[in-house]
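Protein chains: 2
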Amino acid sequence: MKKYDVIIIGAGPAGIITGVTAKKQYPEKSVLMIREEDKGLVPCGIPYIFYNLNSVEKNAMGPKPFIDLGGDVITDPVIDVNVKEKTLKVESGADFSFEKLVFATGSRPVIPSFIPGYDLKNVYYIKKSYNYINNLFNELQDKKNIVIVGGGFIGAEVAEQLAMHTDKKVSLIESEDLCFSKAFSNELSEIATEQLRKANVDVHTSTLVEEVLGENGVVTGVKLKGKNDIKADAVIFAIGYKPNTEIAKKAGLQINRVGAIIVDNYERSSEHYICAVGDCSQTLGFLTGRCDYIMLASTATAEARVLGYNLFGIKIKKGFSGTIGIFSTEINGLAMAAAGLNEKNAKFANVEFISAKFSDVDRHPGTLKGTSPLTAKLYLSPSDGTILGGEVWGGKSAGEMINTIGLAIQKGVTVYELMSLQVGTHPLLTTAPTKPVIIKAAEVAISKLRTLNK
Amino acid sequence: MKKYDVIIIGAGPAGIITGVTAKKQYPEKSVLMIREEDKGLVPCGIPYIFYNLNSVEKNAMGPKPFIDLGGDVITDPVIDVNVKEKTLKVESGADFSFEKLVFATGSRPVIPSFIPGYDLKNVYYIKKSYNYINNLFNELQDKKNIVIVGGGFIGAEVAEQLAMHTDKKVSLIESEDLCFSKAFSNELSEIATEQLRKANVDVHTSTLVEEVLGENGVVTGVKLKGKNDIKADAVIFAIGYKPNTEIAKKAGLQINRVGAIIVDNYERSSEHYICAVGDCSQTLGFLTGRCDYIMLASTATAEARVLGYNLFGIKIKKGFSGTIGIFSTEINGLAMAAAGLNEKNAKFANVEFISAKFSDVDRHPGTLKGTSPLTAKLYLSPSDGTILGGEVWGGKSAGEMINTIGLAIQKGVTVYELMSLQVGTHPLLTTAPTKPVIIKAAEVAISKLRTLNK
Numbered sequence: 238m239k240k241y242d243v244i245i246i247g248a249g250p251a252g253i254i255t256g257v258t259a260k261k262q263y264p265e266k267s268v269l270m271i272r273e274e275d276k277g278l279v280p281c282g283i284p285y286i287f288y289n290l291n292s293v294e295k296n297a298m299g300p301k302p303f304i305d306l307g308g309d310v311i312t313d314p315v316i317d318v319n320v321k322e323k324t325l326k327v328e329s330g331a332d333f334s335f336e337k338l339v340f341a342t343g344s345r346p347v348i349p350s351f352i353p354g355y356d357l358k359n360v361y362y363i364k365k366s367y368n369y370i371n372n373l374f375n376e377l378q379d380k381k382n383i384v385i386v387g388g389g390f391i392g393a394e395v396a397e398q399l400a401m402h403t404d405k406k407v408s409l410i411e412s413e414d415l416c417f418s419k420a421f422s423n424e425l426s427e428i429a430t431e432q433l434r435k436a437n438v439d440v441h442t443s444t445l446v447e448e449v450l451g452e453n454g455v456v457t458g459v460k461l462k463g464k465n466d467i468k469a470d471a472v473i474f475a476i477g478y479k480p481n482t483e484i485a486k487k488a489g490l491q492i493n494r495v496g497a498i499i500v501d502n503y504e505r506s507s508e509h510y511i512c513a514v515g516d517c518s519q520t521l522g523f524l525t526g527r528c529d530y531i532m533l534a535s536t537a538t539a540e541a542r543v544l545g546y547n548l549f550g551i552k553i554k555k556g557f558s559g560t561i562g563i564f565s566t567e568i569n570g571l572a573m574a575a576a577g578l579n580e581k582n583a584k585f586a587n588v589e590f591i592s593a594k595f596s597d598v599d600r601h602p603g604t605l606k607g608t609s610p611l612t613a614k615l616y617l618s619p620s621d622g623t624i625l626g627g628e629v630w631g632g633k634s635a636g637e638m639i640n641t642i643g644l645a646i647q648k649g650v651t652v653y654e655l656m657s658l659q660v661g662t663h664p665l666l667t668t669a670p671t672k673p674v675i676i677k678a679a680e681v682a683i684s685k686l687r688t689l690n691k
Numbered sequence: 238m239k240k241y242d243v244i245i246i247g248a249g250p251a252g253i254i255t256g257v258t259a260k261k262q263y264p265e266k267s268v269l270m271i272r273e274e275d276k277g278l279v280p281c282g283i284p285y286i287f288y289n290l291n292s293v294e295k296n297a298m299g300p301k302p303f304i305d306l307g308g309d310v311i312t313d314p315v316i317d318v319n320v321k322e323k324t325l326k327v328e329s330g331a332d333f334s335f336e337k338l339v340f341a342t343g344s345r346p347v348i349p350s351f352i353p354g355y356d357l358k359n360v361y362y363i364k365k366s367y368n369y370i371n372n373l374f375n376e377l378q379d380k381k382n383i384v385i386v387g388g389g390f391i392g393a394e395v396a397e398q399l400a401m402h403t404d405k406k407v408s409l410i411e412s413e414d415l416c417f418s419k420a421f422s423n424e425l426s427e428i429a430t431e432q433l434r435k436a437n438v439d440v441h442t443s444t445l446v447e448e449v450l451g452e453n454g455v456v457t458g459v460k461l462k463g464k465n466d467i468k469a470d471a472v473i474f475a476i477g478y479k480p481n482t483e484i485a486k487k488a489g490l491q492i493n494r495v496g497a498i499i500v501d502n503y504e505r506s507s508e509h510y511i512c513a514v515g516d517c518s519q520t521l522g523f524l525t526g527r528c529d530y531i532m533l534a535s536t537a538t539a540e541a542r543v544l545g546y547n548l549f550g551i552k553i554k555k556g557f558s559g560t561i562g563i564f565s566t567e568i569n570g571l572a573m574a575a576a577g578l579n580e581k582n583a584k585f586a587n588v589e590f591i592s593a594k595f596s597d598v599d600r601h602p603g604t605l606k607g608t609s610p611l612t613a614k615l616y617l618s619p620s621d622g623t624i625l626g627g628e629v630w631g632g633k634s635a636g637e638m639i640n641t642i643g644l645a646i647q648k649g650v651t652v653y654e655l656m657s658l659q660v661g662t663h664p665l666l667t668t669a670p671t672k673p674v675i676i677k678a679a680e681v682a683i684s685k686l687r688t689l690n691k
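Taken in sequence, the protein lines are chains A and B.
Quick note: the first sequence, position 401, residue 638 per this note's numbering, numbers continuous.
Quick note: the second sequence, position 452, residue 689 per this note's numbering, numbers continuous.
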């Protein structure tokens with residue numbers, strides 16, 4: 238039986254970054270990565286396969302950086318793990334033993350088996366699998382009417398991309414009253430939903446799918462609750478993902494109420510030699526410490542870096558406990574990003590907050606060509622002004638500005654501190670120095686706090 | 238004699254933001270702003286007047302937001318301040334009295350009176366004056382050979398813009414061995430200088446101007462030390478600015494060795510009722526507390542916000558003492574930004590440091606259209622890994638990413654903390670979640686630190 242110091246199950250972002258970091262920190266350790274398919278995909282790039290990239294291969298991702306550092310990789314699904322004996326078995330029959338085992342098994346799309354017709358031909362999912370997506374990409378080429386169910390990031394982004402093909406009619410069905418409603422505030426969800434409509438997506442919100450309609454086992458449309466049927470040559474369900482933890486569960490690891498492997502701050506399960514990172518591992522909200530549903534490659538890779546460094550003893554203290562969801566997207570040319578608290582997740586967790594926003598443009602003077610609007614919104618504690626969340630939308634720089642807000646949340650920065658925050662500005666790159674939108678939003682927040690405290 | 242609660246001398250970014258903040262915080266107070274010209278300019282937008290905007294008017298800026306809040310404005314240069322009596326006199330002869338006085342008098346270009354011929358016709362400066370720049374803009378229209386002296390931000394940006402006019406031949410003379418050498422590291426200065434050459438600017442580094450040549454009192458060229466003369470129809474000196482503090486000096490205020498008004502953390506001179514903000518006020522480096530030459534609109538407005546809030550008593554504690562220079566620019570389509578320490582200012586102040594960098598691209602996968610290279614470089618203390626400086630260059634997002642580094646410097650973040658930093662990523666907006674360049678640079682830094690400590 239071949240023995241490795243470390244075995245990583247999974248070759249997505251969490252698995253690769255764990256492997257790369259571990260090999261860099263512990264070059265003398267033998268590390269094996271076990272994957273299910275020979276080729277991998279950049280997960281967040283999947284929607285862009287359908288139009289911007291117009292290619293599956295251009296979105297391929299593999300463990301080359303890990304191999305270059307001396308890591309071993311095999312393609313052979315793990316079918317069983319023996320925690321006590323520190324061994325595992327793969328589909329081809331081989332056994333391996335390990336000193337440390339890392340689950341980086343990711344997540345799988347939720348299959349709506351409760352909807353009649355969910356198993357018809359031409360019903361698809363956005364699986365993070367090269368072979369599956371390659372097949373989907375090919376099969377969608379000649380489909381005209383496409384219905385996407387689920388207006389979260391993946392569903393909405395796939396819809397926006399497919400709608401760029403002028404020969405396709407793309408409908409998006411969302412059960413909530415707005416798309417992106419889990420990650421964005423009401424205000425930003427509204428803007429995002431409107432952008433989808435401007436991108437020629439036929440958006441149906443507050444709408445439930447009752448049945449997937451078919452003839453001879455093939456999709457012909459969807460039946461909506463209280464609305465007219467929609468014709469469909471293909472239906473794509475994008476109604477969420479669940480942690481891929483069947484092997485872990487079978488091996489006896491503790492699983493939380495959302496199906497993720499329970500781990501500590503350093504990604505270790507109750508057995509220190511069994512770890513889990515990424516979508517398959519437990520995520521705790523930064524404010525409440527409750528277990529959360531956040532499944533983001535950016536979060537997964539942060540966890541993987543922490544694990545990779547600390548695999549054989551804690552070397553680097555984690556700077557920040559809990560996970561902030563930091564989401565961003567671009568729909569119809571409008572960049573939108575959110576971090577941490579907004580009025581929806583605040584209500585869910587019963588967190589008091591106030592919000593404040595400020596709008597301007599992303600160049601100065603605004604008469605420069607290529608200038609876009611830019612808005613920043615902050616969510617903060619009414620007690621001490623600590624920043625708990627934020628949103629930025631408008632030009633592309635929103636995608637990096639949200640990371641300044643993210644750092645502010647992680648460092649407990651208050652809106653008062655932002656009054657003396659120094660920033661760099663330039664006509665061709667940023668808002669004017671007289672009104673950096675994050676600082677101006679903080680100024681609005683301070684005025685609100687003073688009114689509150691009167 | 239008309240009395241005001243607050244009088245602000247100057248209507249640049251520092252003056253306007255002081256006025257706006259003060260009127261918002263103290264709406265009951267009467268505030269007068271005194272300016273020298275009816276129209277103002279966005280200072281950092283001045284280079285873009287010459288090509289991108291191709292208009293002076295499009296770069297105009299005025300105190301409208303201040304007037305909208307009830308502020309008064311007059312155009313009438315101040316000629317004398319009486320600190321003891323709390324009065325001042327303007328050119329037209331009127332006198333005003335004040336409870337608080339704010340100097341926001343900015344800076345003036347350095348005039349090289351030590352260079353023969355500096356006073357010939359068609360020798361210009363980049364004065365922050367609407368009328369002056371308007372005249373320069375008009376007079377440059379028919380000038381073919383333009384020599385710019387000084388390869389700092391203003392000189393280099395004006396050179397890049399003028400060189401976009403295919404009928405002009407633009408030369409840039411820099412005494413140091415690279416352009417941008419005060420703000421950027423050697424590595425980035427080299428890249429920036431190369432970008433200027435690619436933009437068709439004829440760059441002469443390590444070159445001194447010995448004389449401005451002329452015939453009949455009009456510029457015909459420049460004589461360079463040890464090099465051939467260059468023909469010139471116009472010469473623009475951009476060799477720095479000095480604080481505009483003659484009135485303050487005459488009034489008896491304390492002036493530091495670089496000519497700026499000495500103020501405390503809250504922008505107050507030794508007399509609490511006399512304040513100064515922006516280029517005319519003292520700036521202390523964030524690390525050393527030494528007085529510095531940093532003159533940036535972004536720094537000026539941060540000071541102005543602090544002053545505006547605290548004008549009648551300190552309401553908001555300043556979060557951070559000292560000034561970090563955060564500079565950014567774009568030359569020939571390459572965005573470049575720097576914050577805080579680099580190897581040059583570190584050497585000057587005898588600060589120990591190590592640096593580390595990481596390069597990737599600003600989209601993911603990198604096969605997406607519109608993808609640009611992106612590099613982050615960090616400078617940190619070898620003792621504890623605290624981030625003291627950084628640079629980012631490549632795509633436009635560099636302009637906002639430097640502000641995340643800026644916040645990290647201000648909050649004393651270490652490279653170790655960056656290992657668990659959570660960021661948001663998106664294919665169309667950022668680097669991949671597997672390699673955010675700032676975090677990866679921190680990882681490289683940690684490896685260097687470990688080698689050092691062995």
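These are computed hints drawn from the structure, not numbers from a lab.
Warning: the hint list may mix true and false statements.
[As the list claims (entries may be wrong)] Incomplete in silico selection of chain A near chain B, CB under 8 Å:
hint, residue
1, 276
2, 546
3, 601
4, 638
5, 669
[Stated by the list, open to error] Far from chain B, some chain A residues (derived; all Cβ distances over 12 Å):
hint, residue
6, 310
7, 461
8, 667
9, 680
Each residue gets a CB set at the ideal place from its N, CA and C atoms; glycine is no exception.
Hints versus structure:
1. For residue 276 of chain A, the shortest C-beta to C-beta distance to chain B is roughly 13 Å, which exceeds 8 Å, and the interface hint is violated.
2. Look at residue 546 of chain A: its Cβ gets to within about 6 Å of chain B, closer than 8 Å, so that hint holds up.
3. At about 6 Å, the closest approach between the beta carbon of residue 601 of chain A and any beta carbon in chain B falls short of 8 Å, and the interface hint on this residue holds.
4. A least Cβ separation of about 5 Å between residue 638 of chain A and chain B falls short of the 8 Å threshold, and the interface hint therefore holds.
5. A hinted interface residue such as residue 669 of chain A counts as satisfied when its beta carbon comes closer than 8 Å to some beta carbon of chain B; here the least separation is about 7 Å, so the hint holds.
6. The Cβ of residue 310 of chain A lies farther than 12 Å from every Cβ of chain B, with a closest approach of about 16 Å, so its non-interface assignment holds.
7. The beta carbon of residue 461 of chain A is kept farther than 12 Å from every beta carbon of chain B, the shortest such distance being approximately 30 Å.
8. Non-interface call for residue 667 of chain A relative to chain B: violated, since the shortest CB-CB distance, roughly 5 Å, does not exceed 12 Å.
9. Against the 12 Å criterion, residue 680 of chain A falls within the reach of chain B, whose nearest CB is about 7 Å from its own CB.
The structure fails hints 1, 8, 9 (numbered hints given earlier, in ascending order).
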